[in-house]
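Protein chains: 2
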Amino acid sequence: MGNSKKIVIIGGVACGAKAAARARRLDSEAEITILERGNYASYAGCGLPFLIAGAVPSVDTLLTMPWGAIRDAEFFKNTKGINLLLRTEALKIDRENKTVTAKNLDTGETTDFPYDKLVIASGANPVAPPIEGMDLKNVFQLRRPDDAVGILNCIEEVDAENAVIVGGGRIALEVVDALMAQAVDSTIIELMDQVLPNVVDSDIAGILTVQLRKHGADVRTGERVEKLVGDDNGNVCKVITSKGEYKADFVVVAVGVKPNVEIAREAGLDITDRGTIAVDDRLRTSDPDIYAGGDCILNDDLVTGGKSYIPLGSTANKHGRVIGTNITGGDATFPGVLGTGFMKTVGLNVVRTGLSSAIAEKNGYKIETFLLSGHDVSHFYPGGKDMIIKLIADAADGRILGAQMIGAGNVPRRLDAVAAMITFKATAAQVGNLDMGYAPPFASAMDLLIHAANSLQNKLDGIAVSMSIMDFKKKLESDKDFCILDVRAESEIERSPVDKGNSRVLNIPIERFRDEIDRVPKDRDVLVFCATGTRSYEVQRALAMAGRESVFVEGGMHVLEKLG
Amino acid sequence: MGNSKKIVIIGGVACGAKAAARARRLDSEAEITILERGNYASYAGCGLPFLIAGAVPSVDTLLTMPWGAIRDAEFFKNTKGINLLLRTEALKIDRENKTVTAKNLDTGETTDFPYDKLVIASGANPVAPPIEGMDLKNVFQLRRPDDAVGILNCIEEVDAENAVIVGGGRIALEVVDALMAQAVDSTIIELMDQVLPNVVDSDIAGILTVQLRKHGADVRTGERVEKLVGDDNGNVCKVITSKGEYKADFVVVAVGVKPNVEIAREAGLDITDRGTIAVDDRLRTSDPDIYAGGDCILNDDLVTGGKSYIPLGSTANKHGRVIGTNITGGDATFPGVLGTGFMKTVGLNVVRTGLSSAIAEKNGYKIETFLLSGHDVSHFYPGGKDMIIKLIADAADGRILGAQMIGAGNVPRRLDAVAAMITFKATAAQVGNLDMGYAPPFASAMDLLIHAANSLQNKLDGIAVSMSIMDFKKKLESDKDFCILDVRAESEIERSPVDKGNSRVLNIPIERFRDEIDRVPKDRDVLVFCATGTRSYEVQRALAMAGRESVFVEGGMHVLEKLG
Numbered sequence: 000m001g002n003s004k005k006i007v008i009i010g011g012v013a014c015g016a017k018a019a020a021r022a023r024r025l026d027s028e029a030e031i032t033i034l035e036r037g038n039y040a041s042y043a044g045c046g047l048p049f050l051i052a053g054a055v056p057s058v059d060t061l062l063t064m065p066w067g068a069i070r071d072a073e074f075f076k077n078t079k080g081i082n083l084l085l086r087t088e089a090l091k092i093d094r095e096n097k098t099v100t101a102k103n104l105d106t107g108e109t110t111d112f113p114y115d116k117l118v119i120a121s122g123a124n125p126v127a128p129p130i131e132g133m134d135l136k137n138v139f140q141l142r143r144p145d146d147a148v149g150i151l152n153c154i155e156e157v158d159a160e161n162a163v164i165v166g167g168g169r170i171a172l173e174v175v176d177a178l179m180a181q182a183v184d185s186t187i188i189e190l191m192d193q194v195l196p197n198v199v200d201s202d203i204a205g206i207l208t209v210q211l212r213k214h215g216a217d218v219r220t221g222e223r224v225e226k227l228v229g230d231d232n233g234n235v236c237k238v239i240t241s242k243g244e245y246k247a248d249f250v251v252v253a254v255g256v257k258p259n260v261e262i263a264r265e266a267g268l269d270i271t272d273r274g275t276i277a278v279d280d281r282l283r284t285s286d287p288d289i290y291a292g293g294d295c296i297l298n299d300d301l302v303t304g305g306k307s308y309i310p311l312g313s314t315a316n317k318h319g320r321v322i323g324t325n326i327t328g329g330d331a332t333f334p335g336v337l338g339t340g341f342m343k344t345v346g347l348n349v350v351r352t353g354l355s356s357a358i359a360e361k362n363g364y365k366i367e368t369f370l371l372s373g374h375d376v377s378h379f380y381p382g383g384k385d386m387i388i389k390l391i392a393d394a395a396d397g398r399i400l401g402a403q404m405i406g407a408g409n410v411p412r413r414l415d416a417v418a419a420m421i422t423f424k425a426t427a428a429q430v431g432n433l434d435m436g437y438a439p440p441f442a443s444a445m446d447l448l449i450h451a452a453n454s455l456q457n458k459l460d461g462i463a464v465s466m467s468i469m470d471f472k473k474k475l476e477s478d479k480d481f482c483i484l485d486v487r488a489e490s491e492i493e494r495s496p497v498d499k500g501n502s503r504v505l506n507i508p509i510e511r512f513r514d515e516i517d518r519v520p521k522d523r524d525v526l527v528f529c530a531t532g533t534r535s536y537e538v539q540r541a542l543a544m545a546g547r548e549s550v551f552v553e554g555g556m557h558v559l560e561k562l563g
Numbered sequence: 000m001g002n003s004k005k006i007v008i009i010g011g012v013a014c015g016a017k018a019a020a021r022a023r024r025l026d027s028e029a030e031i032t033i034l035e036r037g038n039y040a041s042y043a044g045c046g047l048p049f050l051i052a053g054a055v056p057s058v059d060t061l062l063t064m065p066w067g068a069i070r071d072a073e074f075f076k077n078t079k080g081i082n083l084l085l086r087t088e089a090l091k092i093d094r095e096n097k098t099v100t101a102k103n104l105d106t107g108e109t110t111d112f113p114y115d116k117l118v119i120a121s122g123a124n125p126v127a128p129p130i131e132g133m134d135l136k137n138v139f140q141l142r143r144p145d146d147a148v149g150i151l152n153c154i155e156e157v158d159a160e161n162a163v164i165v166g167g168g169r170i171a172l173e174v175v176d177a178l179m180a181q182a183v184d185s186t187i188i189e190l191m192d193q194v195l196p197n198v199v200d201s202d203i204a205g206i207l208t209v210q211l212r213k214h215g216a217d218v219r220t221g222e223r224v225e226k227l228v229g230d231d232n233g234n235v236c237k238v239i240t241s242k243g244e245y246k247a248d249f250v251v252v253a254v255g256v257k258p259n260v261e262i263a264r265e266a267g268l269d270i271t272d273r274g275t276i277a278v279d280d281r282l283r284t285s286d287p288d289i290y291a292g293g294d295c296i297l298n299d300d301l302v303t304g305g306k307s308y309i310p311l312g313s314t315a316n317k318h319g320r321v322i323g324t325n326i327t328g329g330d331a332t333f334p335g336v337l338g339t340g341f342m343k344t345v346g347l348n349v350v351r352t353g354l355s356s357a358i359a360e361k362n363g364y365k366i367e368t369f370l371l372s373g374h375d376v377s378h379f380y381p382g383g384k385d386m387i388i389k390l391i392a393d394a395a396d397g398r399i400l401g402a403q404m405i406g407a408g409n410v411p412r413r414l415d416a417v418a419a420m421i422t423f424k425a426t427a428a429q430v431g432n433l434d435m436g437y438a439p440p441f442a443s444a445m446d447l448l449i450h451a452a453n454s455l456q457n458k459l460d461g462i463a464v465s466m467s468i469m470d471f472k473k474k475l476e477s478d479k480d481f482c483i484l485d486v487r488a489e490s491e492i493e494r495s496p497v498d499k500g501n502s503r504v505l506n507i508p509i510e511r512f513r514d515e516i517d518r519v520p521k522d523r524d525v526l527v528f529c530a531t532g533t534r535s536y537e538v539q540r541a542l543a544m545a546g547r548e549s550v551f552v553e554g555g556m557h558v559l560e561k562l563g
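Line by line, the protein sequences give chains A and B.
In terms of numbering that gives the first Met the number 0, the first sequence has 486 at position 487, counting the first letter as 1, and numbering is strictly consecutive.
In terms of numbering that gives the first Met the number 0, the second sequence has 483 at position 484, counting the first letter as 1, and numbering is strictly consecutive.
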């Protein structure tokens, strides 16, 4: 074995463990060593919020293979012939002599590990914002299993009733949901003016916020955490923000992560201007014998053609596979990502891919969007659930740039389908013609995704003229004069955007519209309104063909209600 | 209005109704008339089995808009300004004078309808096989709402306990599931040697068959119905087949449909050699003023580049939209279909797209396939459900030609994603790198679809050497000498492909395999076996790198068990 290839891997969670396993399957002789500073390797990091919720019973569960084996050092040794060293921190890379110096965190002993190929899968660490009081007891960040266990222990020890969550991103909102399962009330403090900033648009964020509040979360946006205050025992007890103060039995800070690149930087490897390890599409660093993957690199952005920092376990696993191939003599490349992200919280599936409206505009695209509400199965089939679908296209050529969906329904299905199409730069028209699966238990004959794509195409073609629900809300709050032409049936208008008898509303059910079109005022803006945007579109078309300008409100009453 | 365009549409179910609605939204002046010979228009035909099951309470439900309006003639008139004539059968097209002659089926009166643009959406009728006794009472075919009501009435009238279903295709199997809900036992008689012939491969059909039988259906394949026998009252009471006879309180014949093209043929329009109305990609027939869509035309096949007859409501709606655009002066084309088909029966979602293995081979492709079993959410997350995924690729270039999936889990999500990719001629490697959504409530970090695509790529690369579960079953039944190397843990081997102590089996749990590799016999074929095909792949790789030939069994015990 003395002549066999030596592979050393720094970090053994997602990318590192996968690179090791793939390398082993392609090279039975290589000596493969993983240096992992934590207590666990190859754990499902994305499962940590569910450990807090109790949905996942123990840390071991996150380390378990489907057939029950636990991915500990013995498992790696026996099953894979891989040398996994836990609590072993890589300190330094000597590129000239091709060694990594690592310290055993228990004994303090350091050892040099020679390598032929080195993989840096050092991941990322939670950002610790420069707030006074971050070092108080019961202030947590969530990255490793011990963090989740720490939160659970704290809840029990202090009999916690309320927590402040600093940040309103994905992990923050998963933690809020988990804490509800533990009967802990959360206050979310988000600096930006919405939850999931840069992830979803304000409409989707608004719908999610209403649902979070319905479930008891106190959501505060556009608010800056100034200070964490401790009690006499050094336990956090209060959070002071730019707008107020909140009692807190504990605090979870989840404001993003930052790549761990110090060891690479010190070794003189190229670092990008965004602070990640520079790699090519084979995931090779500036040193041909060193590869890097996972949360410490940028990805090619398949939508913009640029680079994005989107750390995610699914991507890290793909990186590991590419690296495992390449360090054993193969030739694999990683094409890049769309930025697909899924989360589940307060009973809603929130899914997105590609560019958000704001990011698309920041990238110089002139965009057109469409938002539609409906069901995930045929409306006549029992058990259907709500979905809201929003598509974002390049107004110049109709290419889909991004999609966002929210609801209790099967939005993952529609999102992955559109993500697959965005990979190939599909247009709205192409999405509208996708041969999606159909049968009443699964979809309408025109699935909501197809319908949304067609509607967006109608908008791009100038056939459909609409107003977003957010703009409609703003208009409602303004003192402008306009007419809401509500074309719903009389039985439906109980739930209305405005109070009964409001002079702004004219109700003409669509069934009577053709006869009563002359009742529509000519001296005011006309906003056509219905339950979802289907009938209002039809009436907007009829008005347009009669030479009358109007706009219909996307999403209609269904979405307006969800916005609270 | 005398100068406005006259649009006549023959058939008002899916394509016809959609063409009319789209045309109306683009041309408010046109006179639009739908001639529909049935009692209903614009009903959800795919919902008929669920009407039988009782999941859909009434025919009206299939005619209802999401907001409660019923799509009757009054609805079409008032809401859309469309003239819908029910029970009005188009008899003849006079292309020279541009009129359609139609008969009122109640009064017998005929009327000529002049047209500027004509749409033929005449659909398809169930094939009536040339079997003696087809004209007996209580012999049904399922095409229109009245047929479903007829079956329900019959069940009540004769207090039916058992039915014979002639055919084992999608509608047949949906009906079987529906009849279970009505406590009627079904016997399925399928001429071909599997259910869903030409739709799914024998492995997926086998899994479905086992489940059908578990639910009490008597599935007979490779059996020809010879005769339906009636009692003294002219009611069917028995079905005689090539292999036996079966008592039947009623019979449902569902052996496919055939396009209704007589009116087009008699008008001298081009008819394809497959008996459909010939159209171009704008869905225009050989007469530039006549369009056709829905179940009476062929579609471009996006996989083979040829033509396919795949009648489906979702496709018919897309046709209608294209036609509605084109007959009002627009320019839309229909790109074609993949052959995506979904069904739900006996608790299983059965979904497919593209070419089946047999059809791919018939089209001259040399194929490679991979089948994998797993869960639809992270295995550590509660509530996950089973999925089996099979991918079919062109062995020459790795392009995915088709996919089939079965299980209680969210296979629609994975199927639509791969369908979207097949639209763009994606390879297995591209599917393996798809940026699918990930979070533990939705998927594993490496989703089963990604895993299946990677495995197929490994096979194409010669890295993975496997045997299909069907070939393994055949081998088990043969008297050949071979070794099943079972690498599962001892706790798992209770459920095994062979009896305990069988000399063909050698159990070496994967954890011990590296030490005990010398125990693997050299004088026999070695078939590596585990629960799903994951560990067995790893061992096959280890053997290969030690210079030893072996194959691993795709799907492993999980799939073998489902095959009964």
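I should point out that these hints are in silico values taken from the structure, not numbers from a laboratory.
All values derive from a computational prediction rather than experimental measurement.
Here a beta-carbon is modelled for each residue, glycine too, at the ideal position from N, C-alpha and C.
One or more of the hints may lead you astray.
In silico negatives: residues of chain A with every beta carbon more than 12 Å from chain B [what the hints assert, rightly or not]:
1. P48
2. P65
3. N96
4. N124
5. L151
6. N161
7. G205
8. I239
9. A463
10. D517
11. L559
Subject to a maximum C-alpha distance of 30 Å in a straight line, what follows is the list of computed DSSO-like cross-link-like pairs (lysine-lysine) [as the list claims (entries may be wrong)]:
12. B:K521 - A:K4
13. B:K4 - A:K306
14. A:K424 - B:K306
15. B:K424 - A:K424
16. B:K4 - A:K521
17. A:K384 - B:K306
Against the structure, the hints come out as follows:
With a minimum CB-CB distance of about 9 Å to chain B, A:P48 fails to clear the 12 Å threshold, and the non-interface call is violated. A:P65, annotated as away from the interface, has a beta carbon of chain B within 12 Å; the closest lies near 5 Å. With 12 Å as the threshold on Cβ separation, the claim that A:N96 sits away from chain B holds: the shortest Cβ distance comes to roughly 29 Å. For A:N124, the requirement that its beta carbon stay farther than 12 Å from each beta carbon of chain B is met, with the minimum near 20 Å.
Interface exclusion of A:L151 from chain B stands, the closest Cβ pair being 16 Å apart, more than 12 Å. With a closest Cβ-Cβ approach of about 25 Å to chain B, A:N161 is found to remain outside the 12 Å limit, as its non-interface label requires. No beta-carbon of chain B is positioned within 12 Å of the beta-carbon of A:G205; the least distance is around 21 Å. At roughly 32 Å from the closest C-beta of chain B, the C-beta of A:I239 stays outside 12 Å, upholding its exclusion from the interface.
Its beta-carbon lying about 9 Å from the closest one in chain B, A:A463 breaks the requirement of being farther than 12 Å from that chain. For A:D517, the requirement that its beta carbon stay farther than 12 Å from each beta carbon of chain B is met, with the minimum near 15 Å. A cut-off of 12 Å between C-beta atoms confirms that A:L559 is not in contact with chain B; the least separation is 15 Å. Between the alpha carbons of B:K521 and A:K4 the distance comes to roughly 28 Å, so the proposed pair stays at or under 30 Å and holds.
Pair hint B:K4 plus A:K306 does not hold up; C-alpha atoms about 53 Å apart against a cutoff of 30 Å. As the CA atoms of A:K424 and B:K306 are separated by approximately 26 Å, the hinted pair is consistent with the 30 Å bound. For a cut-off of 30 Å, the pair hint linking B:K424 to A:K424 stands: about 13 Å separates their Cα positions. Taking the CA atoms of B:K4 and A:K521, the gap is near 28 Å; set against the 30 Å cutoff, the hint holds.
Distance check on the hinted pair: A:K384 and B:K306 sit about 36 Å apart at the alpha-carbon level, beyond 30 Å; violated.
Of the numbered hints stated above, those contradicted by the structure are hints 1, 2, 9, 13, 17, listed in ascending order.
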